Amino acid sequence: MLSSSSSLAPKFRRRASALALLMAVAALAPGHASPRSNWAIDPSRTHISFSIDAIGYPRTQGEFRRFDGRLSVDFDHPAQSRVSFRVQSQSVDVGSASFSDYLRSDAFLNASHFSEIVFSSTAVEKIDENDIRVTGDLTMLGVTRPLTVDVEVRRPDARSRARLEFTARAKIDRLEFGMNSGFPVISKDVDLVVASEAEEQ
Amino acid sequence: MRRDSASALRAAKAAPRRWSAATIALHWLSAALILGLIGLGWFMVHGDIDAATKFDLYQLHKSLGFLGLALLLLRLGARLVQASPPAPPAMPPWEHRLAGLAHAGFYGLLLAASLTGWLLVSAAVIAIPTRFFDLFVIPNLLPSLTRADASLSAAMAFWHYVIARLILGLLVLHVAAALKHHFVDRNDVLTRMLPWPTRLRAAPSNRREDRLERNKVGPPSY
Numbered sequence: 352m353l354s355s356s357s358s359l360a361p362k363f364r365r366r367a368s369a370l371a372l373l374m375a376v377a378a379l380a381p382g383h384a385s386p387r388s389n390w391a392i393d394p395s396r397t398h399i400s401f402s403i404d405a406i407g408y409p410r411t412q413g414e415f416r417r418f419d420g421r422l423s424v425d426f427d428h429p430a431q432s433r434v435s436f437r438v439q440s441q442s443v444d445v446g447s448a449s450f451s452d453y454l455r456s457d458a459f460l461n462a463s464h465f466s467e468i469v470f471s472s473t474a475v476e477k478i479d480e481n482d483i484r485v486t487g488d489l490t491m492l493g494v495t496r497p498l499t500v501d502v503e504v505r506r507p508d509a510r511s512r513a514r515l516e517f518t519a520r521a522k523i524d525r526l527e528f529g530m531n532s533g534f535p536v537i538s539k540d541v542d543l544v545v546a547s548e549a550e551e552q
Numbered sequence: 009m010r011r012d013s014a015s016a017l018r019a020a021k022a023a024p025r026r027w028s029a030a031t032i033a034l035h036w037l038s039a040a041l042i043l044g045l046i047g048l049g050w051f052m053v054h055g056d057i058d059a060a061t062k063f064d065l066y067q068l069h070k071s072l073g074f075l076g077l078a079l080l081l082l083r084l085g086a087r088l089v090q091a092s093p094p095a096p097p098a099m100p101p102w103e104h105r106l107a108g109l110a111h112a113g114f115y116g117l118l119l120a121a122s123l124t125g126w127l128l129v130s131a132a133v134i135a136i137p138t139r140f141f142d143l144f145v146i147p148n149l150l151p152s153l154t155r156a157d158a159s160l161s162a163a164m165a166f167w168h169y170v171i172a173r174l175i176l177g178l179l180v181l182h183v184a185a186a187l188k189h190h191f192v193d194r195n196d197v198l199t200r201m202l203p204w205p206t207r208l209r210a211a212p213s214n215r216r217e218d219r220l221e222r223n224k225v226g227p228p229s230y
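These protein sequences, in sequence, are chains A and B.
Take the first sequence: its letters are residues 352 to 552, numbered as in the numbering used here.
Take the second sequence: its letters are residues 9 to 230, numbered as in the numbering used here.
For each label pair, taking beta carbons as the anchor points, the in silico distance ranges come out as:
hint, chain 1, residue 1, chain 2, residue 2, range
1, A, Glu467, B, Phe141, 28 to 34 Å
2, B, Trp204, A, Ser402, 50 to 56 Å
3, B, Leu150, A, Asp542, 36 to 42 Å
4, B, Leu37, A, Arg505, 57 to 63 Å
5, B, His190, A, Ser442, 55 to 61 Å
6, B, Phe51, A, Arg437, 38 to 44 Å
In silico SDA-like links for lysine to any residue, alpha-carbon gap of 25 Å or less:
hint, chain 1, residue 1, chain 2, residue 2
7, B, Lys70, A, Gln412
8, B, Lys70, A, Asp404
9, B, Lys62, A, Val541
10, B, Lys70, A, Phe459
11, A, Lys539, B, Ala156
12, B, Lys62, A, Phe534
13, A, Lys539, B, Ala135
14, A, Lys539, B, Asp157
15, B, Lys62, A, Asp452
16, B, Lys62, A, Ser538
17, B, Lys62, A, Val544
18, B, Lys70, A, Ile406
19, A, Lys539, B, Ile136
20, B, Lys62, A, His398
21, B, Lys62, A, Ala448
22, B, Lys70, A, Ser451
23, B, Lys70, A, Asp444
24, B, Lys62, A, Ala405
25, B, Lys62, A, Ser456
26, B, Lys62, A, Gln441
27, B, Lys62, A, Ser451
28, B, Lys62, A, Arg410
29, B, Lys62, A, Arg525
30, A, Lys539, B, Ile134
31, B, Lys62, A, Glu414
32, B, Lys70, A, Ser449
33, B, Lys62, A, Asp540
34, B, Lys62, A, Leu543
35, B, Lys62, A, Ile406
36, A, Lys539, B, Ile57
37, B, Lys62, A, Ser442
38, A, Lys539, B, Val53
39, B, Lys70, A, Ile537
40, B, Lys62, A, Phe459
The set of hints was computed from the structure by calculation and includes no laboratory data.
Given the structure is predicted, the values throughout are model-derived calculations rather than measurements.
We put the beta carbon where it would ideally sit given N, CA and C, even for glycine.
Given the sequences, and given the hints that come with them, work out the whole structure.
Next up, the structure:
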């Protein structure tokens, strides 16, 4: 018994190491098993909306119509993921041309001087299967402040291309950016909701 | 009394019996504008509407309000340079005085409504520029004195509301008086302000004592 098993041993070891090498190669190969993937948001399926309260006035809800967003996702190491958004301040739309114009003026977005609102992540933390927390820098009116965004991610299956659906929520204190027109009649808190779909590049 | 009637007759020859077409047009345009502004003012404040619609209605109210102020100044000017058609000879002096008071009240209240409205937006904490029908920006009233004064703006908003109510009250009196002239006194006070052509009534009044009065002082009828 003993002699026969010892004669088999070298052969078995060689096979085992070959299998391990195969697995390692598969893990490094591009494609499904790749740890990092690049995604671009689909503008037609993305809504960057905000709302703000004021005393004696209905809640103002609006959207930014022009923007660009990129994601770099590492599913194995979520903390390595990155996200960035660039929003054109000129594209603000609250459903009334003159109201939108007023928001573009120097009282609020000062769109002629500060054409972009930019967010880029500094840290990504996975909370559970579907929820992540993104911390980053928001630059608005030339001022950069940290912002924490709660993101709910879903991966719809039965799609021809790989897609990620996510809803991001954050509260922005506009006073931090020097946007203090109408305060305190107009609230300092702006609720931000980004509902989006990203497509793998 | 005799002298009054005589001078009224002379005035009737000197002045036209009808208001000028321009005055009639301005009167009815102003009437529509004032009613529209009061209705719009109520709806934009109390109506169940979203933020964007509310914003647009406030801007419309401001534009229409400034249009109203322009028409008011035009009408005040016309009133000063144009001869008014004479009052019906049979109109008692107290009625004449009351009519004068009511019309002056209209001009005063409409001017006050315009100025309180202009002041309240000038002093508003949320400084939204007044774009007259999106054509040009109307400057704030006394910009140095009224930059974001919440208490002044609130006081003006209160008076703007009270004045709108007073205008409505005066409007009821104005319409009641016009109807009384037409259906009770049977004179042409109402018809001479109508926007369509009408045959003016020959007889100033058909009341019995007026007829007796006319028979006493009027020229022989043969």
